[in-house]
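2 protein chains.
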Amino acid sequence: MLETELIATDKKSKARVCNLKTAHGVIETPIFMPVGTLGTVKAVNQNILEHEIKAQIVLSNTYHLYLRPGMEVMEQAGGLHKFMNWEKPILTDSGGYQVFSLSEFRKIKPDGVEFRSHLDGSMHFFTPEKVIEIERSIGSDIMMVLDECTPYPCEYDYAKKSQKLTSDWAVLNKKAFEKTKPLYGFDQNLFGIIQGSVYKDLRERSAKDIVNLDFNGYAIGGLAVGEPMEQMYEMVSFTTDFMPENKPRYLMGVGRPENILEAIERGIDMFDCVMPTRNARNAYLFTSNGTLSMRNNSYKNDFNKIDEKCECYTCSNYSRAYLRHLFIAKEILALELATIHNLYFYLELVKTAREKILNGEFVTWKKEIINKISINELNNSEE
Amino acid sequence: MLETELIATDKKSKARVCNLKTAHGVIETPIFMPVGTLGTVKAVNQNILEHEIKAQIVLSNTYHLYLRPGMEVMEQAGGLHKFMNWEKPILTDSGGYQVFSLSEFRKIKPDGVEFRSHLDGSMHFFTPEKVIEIERSIGSDIMMVLDECTPYPCEYDYAKKSQKLTSDWAVLNKKAFEKTKPLYGFDQNLFGIIQGSVYKDLRERSAKDIVNLDFNGYAIGGLAVGEPMEQMYEMVSFTTDFMPENKPRYLMGVGRPENILEAIERGIDMFDCVMPTRNARNAYLFTSNGTLSMRNNSYKNDFNKIDEKCECYTCSNYSRAYLRHLFIAKEILALELATIHNLYFYLELVKTAREKILNGEFVTWKKEIINKISINELNNSEE
Numbered sequence: 003m004l005e006t007e008l009i010a011t012d013k014k015s016k017a018r019v020c021n022l023k024t025a026h027g028v029i030e031t032p033i034f035m036p037v038g039t040l041g042t043v044k045a046v047n048q049n050i051l052e053h054e055i056k057a058q059i060v061l062s063n064t065y066h067l068y069l070r071p072g073m074e075v076m077e078q079a080g081g082l083h084k085f086m087n088w089e090k091p092i093l094t095d096s097g098g099y100q101v102f103s104l105s106e107f108r109k110i111k112p113d114g115v116e117f118r119s120h121l122d123g124s125m126h127f128f129t130p131e132k133v134i135e136i137e138r139s140i141g142s143d144i145m146m147v148l149d150e151c152t153p154y155p156c157e158y159d160y161a162k163k164s165q166k167l168t169s170d171w172a173v174l175n176k177k178a179f180e181k182t183k184p185l186y187g188f189d190q191n192l193f194g195i196i197q198g199s200v201y202k203d204l205r206e207r208s209a210k211d212i213v214n215l216d217f218n219g220y221a222i223g224g225l226a227v228g229e230p231m232e233q234m235y236e237m238v239s240f241t242t243d244f245m246p247e248n249k250p251r252y253l254m255g256v257g258r259p260e261n262i263l264e265a266i267e268r269g270i271d272m273f274d275c276v277m278p279t280r281n282a283r284n285a286y287l288f289t290s291n292g293t294l295s296m297r298n299n300s301y302k303n304d305f306n307k308i309d310e311k312c313e314c315y316t317c318s319n320y321s322r323a324y325l326r327h328l329f330i331a332k333e334i335l336a337l338e339l340a341t342i343h344n345l346y347f348y349l350e351l352v353k354t355a356r357e358k359i360l361n362g363e364f365v366t367w368k369k370e371i372i373n374k375i376s377i378n379e380l381n382n383s384e385e
Numbered sequence: 003m004l005e006t007e008l009i010a011t012d013k014k015s016k017a018r019v020c021n022l023k024t025a026h027g028v029i030e031t032p033i034f035m036p037v038g039t040l041g042t043v044k045a046v047n048q049n050i051l052e053h054e055i056k057a058q059i060v061l062s063n064t065y066h067l068y069l070r071p072g073m074e075v076m077e078q079a080g081g082l083h084k085f086m087n088w089e090k091p092i093l094t095d096s097g098g099y100q101v102f103s104l105s106e107f108r109k110i111k112p113d114g115v116e117f118r119s120h121l122d123g124s125m126h127f128f129t130p131e132k133v134i135e136i137e138r139s140i141g142s143d144i145m146m147v148l149d150e151c152t153p154y155p156c157e158y159d160y161a162k163k164s165q166k167l168t169s170d171w172a173v174l175n176k177k178a179f180e181k182t183k184p185l186y187g188f189d190q191n192l193f194g195i196i197q198g199s200v201y202k203d204l205r206e207r208s209a210k211d212i213v214n215l216d217f218n219g220y221a222i223g224g225l226a227v228g229e230p231m232e233q234m235y236e237m238v239s240f241t242t243d244f245m246p247e248n249k250p251r252y253l254m255g256v257g258r259p260e261n262i263l264e265a266i267e268r269g270i271d272m273f274d275c276v277m278p279t280r281n282a283r284n285a286y287l288f289t290s291n292g293t294l295s296m297r298n299n300s301y302k303n304d305f306n307k308i309d310e311k312c313e314c315y316t317c318s319n320y321s322r323a324y325l326r327h328l329f330i331a332k333e334i335l336a337l338e339l340a341t342i343h344n345l346y347f348y349l350e351l352v353k354t355a356r357e358k359i360l361n362g363e364f365v366t367w368k369k370e371i372i373n374k375i376s377i378n379e380l381n382n383s384e385e
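Sequences listed follow chains A and B, in order. Just so we're aligned: the first sequence equals residues 3 to 385 in this note's numbering. Just so we're aligned: the second sequence equals residues 3 to 385 in this note's numbering.
Quick caveat, the hints were computed from the structure, so don't treat them as lab data.
Note that identical chains are pooled: a pair holds if it fits in a single copy or bridges any two copies.
Listed below are the simulated SDA-like cross-link pairs for lysine to any residue, each with C-alpha atoms no more than 20 Å apart in a straight line:
| # | residue 1 | residue 2 |
| --- | --- | --- |
| 1 | 44 | 284 |
| 2 | 16 | 365 |
| 3 | 84 | 305 |
| 4 | 23 | 90 |
Put together the whole structure using the sequences plus the hints.
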């Protein structure tokens with residue numbers, strides 16, 4: 003079972019430092035989890051992921067893996083760790099979000115959600131029990147419950163009904179988790195998800211319902227879906243007050259570097275987002291001085307590193323001019339080099355946040371760093 | 003200047019073992035040169051290329067680099083080695099082949115070839131002098147002369163005229179090479195190219211013309227362009243008899259593993275081909291037991307290595323089932339893993355050929371290995 007060791011709490015904010023002990027090693031929080039939807043973090047191999055990017059845990063996806071390669075292959079492989087050759091921790095999203103965002107047809111019923119595969123149109127039915135069964139087949143260290151992720155904006159009445167449904171399903175998820183056993187000889191953990199859209203009373207109700215069920219950790223879902231940033235921060239801050247100190251707190255799908263730092267300040271430990279990987283593939287690079295659009299003509303003969311302060315494989319070996327050339331020529335290597343850099347940047351960011359919390363400088367550092375990194379080249383680009 | 007040390011010649015065939023000393027290190031022949039057209043071997047980074055694939059030299063392309071990123075960037079970078087961060091030898095194709103195969107408009111004139119860029123339609127004029135100038139800007143260890151590569155089939159009269167043109171241009175190439183100096187403080191070398199289509203008298207004439215000009219090495223061009231394999235082998239065997247023993251011999255654009263072994267037997271030292279990299283990206287994998295089409299349904303739950311005997315990064319870490327999953331899901335990692343495997347296979351093949359020549363077992367081994375590796379799954383595939 004997940005052991006959560008609360009190492010330190012910031013005196014000037016709600017920021018925390020924890021060590022989470024899983025069957026596949028310790029996760030040092032605050033942590034960012036690279037997204038490996040289909041059992042691969044797009045464009046980088048597992049050796050790079052572990053040794054160059056220094057990922058401590060990756061996120062994979064129940065909905066996607068269930069459809070491809072399917073659970074028969076997954077079980078024959080001995081679970082996802084063996085299938086993808088990744089010996090560090092894995093967290094699996096329940097698939098709830100994908101059912102709601104990807105499927106062209108979905109119907110929510112009291113006991114689950116019926117949906118049409120975005121790949122071949124085949125019909126499937128996910129229940130809390132079914133999702134637990136799939137996550138047992140995957141063998142993730144941290145399993146997420148099936149929930150309903152409300153969109154933004156969301157009417158109060160719908161949000162209330164949905165929050166109730168997510169709480170009801172949470173009970174079923176927990177029961178199914180307790181009734182089943184891991185398939186591969188190591189402990190798995192189940193995290194509950196707090197919903198409630200942007201309504202404080204619903205967030206409070208949800209938090210109390212979910213925490214009452216005693217999960218191994220708690221996530222805040224249904225944010226970063228289009229609401230204003232300030233509202234997201236307010237919801238995070240409000241919700242973490244109802245989350246126990248001795249369990250990890252995960253803000254799902256967040257976000258930009260500045261969002262992560264603001265959420266750390268408000269008491270969050272874990273993050274995931276496709277932004278560093280997706281932006282990398284679109285030539286948007288994060289640096290300690292703001293984002294760069296590597297296709298920009300101004301980098302044509304710029305032989306500097308992407309980020310002067312960065313020690314990633316890409317910055318240690320290649321110039322902006324070379325990376326621009328690869329993007330312009332549509333070379334596959336561009337995708338790998340940009341992905342390595344962006345993920346390294348995210349991992350360094352949370353690692354530094356941890357150090358700053360430990361030495362009491364987090365709040366001051368956070369303000370300075372946000373001013374620098376949130377400069378977006380796209381706003382004042384030459385082209 | 004290129005030092006060619008002829009280490010051994012096979013007693014039972016014309017196969018040879020050489021060490022070629024360049025400013026960027028020794029090349030041990032027979033050697034296969036991975037193709038890095040635009041300053042990147044598609045889908046693999048330079049660290050993988052050097053340490054996992056163990057490439058000794060890569061091929062890049064004058065025509066492509068001239069168009070993108072252009073020679074201004076190339077010179078500002080300090081040449082291609084620095085631009086792409088590759089410290090081992092580089093050979094550059096002259097661009098002649100690309101002018102003839104890619105450009106929608108080209109006009110051969112006595113002093114060069116006028117062509118339209120396949121990228122933006124702009125007009126350019128390549129002369130032997132211009133190509134030497136570009137290759138000086140690139141800073142390749144081995145520069146190729148501008149030639150005309152005849153198609154197949156090719157009328158005798160055209161082939162004869164073309165062979166004469168290539169010989170005339172060879173003189174101009176050599177002069178331009180002697181008149182110019184390297185830009186980056188290390189020696190470059192120039193290889194001549196023997197043409198003559200499938201006509202023995204033209205091949206002999208061309209070989210004598212070109213060898214007479216005393217280049218640092220000699221290539222056979224204009225083969226592997228559609229002629230029957232036996233005819234290619236015959237031409238290679240015929241032509242190498244006119245090539246000096248103390249200079250490297252390069253068969254351009256060849257080929258399948260069995261083609262390479264047959265050509266080694268006929269006295270060739272160096273090879274390049276897009277086949278291992280291009281096939282990899284199309285899910286065709288070379289193994290010691292023939293080729294596999296990794297999208298095949300039969301690999302869905304096949305947890306064996308791609309090649310039981312292979313020790314490449316891919317085979318050491320991932321299964322056929324995982325690779326198939328990546329290809330089916332169109333994941334970028336599939337391209338990298340397949341490319342690593344195929345290039346490793348080619349490099350191992352020529353490395354073993356070298357060992358077998360040295361211990362006198364080459365001819366016997368070649369027959370055995372060709373029987374195994376030339377089994378093509380596509381011929382008897384289930385799907």
